[in-house]
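Throw the hints in and build the complete structure from the sequences for me.
Residues per chain, in single letters:
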Amino acid sequence: MSITGLPAGVGSSLDAAPSLAYGAGPAPVLAAARLALSRDLTLAFRKRGQLLQPLAFFALITLLFPLAVSPELSRLRGIAPGVLWVAAMLASLLALEFLFRDDAHDGTLEQYALSGQSLTWLLFAKTVAHWLLTGLPLALMAPFAAMSLGVPASAVPGIVLIMVVGTIALSLIGAIGAALTLGMKRSGALLALLTLPLSLPVLIYGARATELAIAGNSYVAPLQLLAALLVLAVTLAPLAAASAVRISLE
Amino acid sequence: MMADMRWTWFHRLASPPYLYGLATRLTPWFAWPAALLILGGFYAGLALAPPDYQQGEGFRIIYVHVPTAWMSLMVYVTMGVAAGVGLIWRMKVAHAVAASCAPIGASFTVAALVTGSLWGKPMWGTWWVWDPRLTSELILLFLYLGFMGLRAGFDDTQRADRAGALLAIVGLVNVPIIHYSVIWWNSLHQAPSVLRFGKPTIPGAMLAPLLILLLGFTLFFAAVLLVRVRAEILQRERAARWIGEALGT
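Keeping their order, the protein sequence lines are chains A and B. Quick note: the first sequence uses numbering that gives the first Met the number 0, first residue 0, plus one each step. Quick note: the second sequence uses numbering that gives the first Met the number 0, first residue 0, plus one each step.
Since the hints were derived computationally from the structure, they do not count as laboratory data. Take these hints with a grain of salt, some might be off.
[What the hints assert, rightly or not] Reference excerpt, derived from the structure (chain A facing chain B, CB under 8 angstroms, subset only):
hint, residue
1, 193
2, 196
3, 199
4, 239
5, 246
6, 249
Every residue, glycine too, gets a C-beta built ideally from N, C-alpha and C.
Structure below.
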């Protein structure tokens with residue numbers, strides 16, 4: 000749970016952390032963000048089991064549909080875009096629990112807020128780390144899930160690209176919800192209620208682009224709209240998440 | 000000095016006793032016109048307006064559906080603006096206004112959904128159609144529920160206020176994005192069974208009651224909001240001395 004409970008080897012990346020808080024002059028903001036990013040990645044690789052959970056969840060949801068609907072690949076191919084995106088949305092929702100919780104528990108977020116560095120950038124770095132650990136594996140696993148639903152292999156590059164863009168947006172939007180529900184005892188259902196309505200545009204454009212990719216058509220238009228959402232999320236979501244974290248620390 | 004003078008009214012609004020008294024005095028000024036306009040509007044809409052050439056008498060549910068749908072969105076905007084004022088100027092009573100808006104807005108949203116569904120049955124042949132407006136309205140309901148759920152999740156009123164306010168602002172930014180995404184989505188998946196109506200110009204005899212009702216519902220919202228704000232202030236300031244004086248106990 001806490002940093003102190005981790006093996007000594009973690010220190011190599013954490014040694015750099017004090018410069019974040021007590022450095023003589025303020026470190027450049029990007030350097031601080033990079034430190035936060037590498038810290039989160041190191042910590043995550045010490046607890047690899049947690050990384051597999053959203054992936055297993057994603058695979059499990061994909062498995063549910065052939066069982067619930069029909070094993071016929073022709074029918075599954077029709078619902079594949081929806082299955083992939085609903086599964087990705089739920090898996091990324093499940094993963095949000097890990098985004099800030101441990102750092103809120105052990106006071107790391109408080110230190111970030113007090114460090115004099117831009118909390119927005121630090122949280123952006125945390126969200127990027129979170130995406131690298133949960134969203135990117137989802138995007139890379141999506142082709143396997145898609146193929147199991149009868150999607151032709153020619154659609155795979157498109158699906159990975161669409162999933163990459165979409166999952167970054169999902170992580171960023173989810174960060175707002177995760178930050179707002181910090182410090183609550185039971186936040187699971189509430190987190191879903193806050194995050195899912197805000198993520199609906201990502202679902203709409205992502206599923207549509209995937210549908211077009213599977214059919215072998217051009218998916219540029221919905222992908223561009225998805226990318227526009229991503230740009231908006233990159234710009235605004237870390238600001239909102241930083242305000243939410245500050246509110247939770249008051 | 001002038002700049003100070005100009006903002007006095009704003010700073011006075013931030014005082015709970017002042018706002019409480021103002022809300023008490025203003026409530027009848029909104030409630031009575033609202034009652035008259037709504038009763039008059041319903042009479043004009045249900046009795047005087049001619050039946051629709053295509054939908055017959057069934058179209059008359061428009062006189063409840065459109066005002067409630069309109070209010071559901073307007074209340075959300077009011078809530079977002081109040082939340083923003085509360086967050087920016089750290090104004091406690093603005094948070095009280097935002098908190099009071101949510102249940103009213105959610106009720107209007109439910110009313111719009113129910114009347115839309117009732118209207119859909121005779122017109123479309125089903126209770127529910129994934130029409131962009133109905134879908135947006137349903138999403139709006141979830142935004143309201145999320146706001147209320149987030150507020151309820153905190154024991155501390157101040158944290159509930161500030162977290163809720165942030166969510167309301169995020170929601171306000173997102174409402175147009177969600178709305179246009181849903182329209183875009185729907186234009187691709189148009190269900191063929193849906194009977195499409197063109198956009199005929201509404202004759203004056205049908206439109207006038209609708210406009211009267213829109214105004215009536217807006218005033219009704221203002222009156223209910225004032226009553227709720229008073230209750231909210233009483234609850235928040237229950238330890239303050241002025242409460243005893245205001246209530247004459």
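We went through each hint and held it up to the structure:
1. For the restraint placing residue 193 of chain A at the interface with chain B, the shortest Cβ-Cβ distance is roughly 5 angstroms, inside the 8 angstroms limit, so the hint holds.
2. The interface hint given for residue 196 of chain A holds, since its Cβ lies 4 angstroms from the closest Cβ of chain B, which is under the 8 angstroms cut-off.
3. This hint holds: residue 199 of chain A has a C-beta 6 angstroms from the nearest C-beta of chain B, less than the 8 angstroms allowed.
4. A cut of 8 angstroms between beta carbons decides the hint on residue 239 of chain A: the least distance to chain B is about 5 angstroms, and the hint holds.
5. Hint status for residue 246 of chain A: holds, given a least beta-carbon distance of 4 angstroms to chain B, under 8 angstroms.
6. With a cut of 8 angstroms, the hint placing residue 249 of chain A at the interface with chain B holds, because the nearest CB-to-CB distance is about 7 angstroms.
Hint compliance for this structure: no hint is broken.
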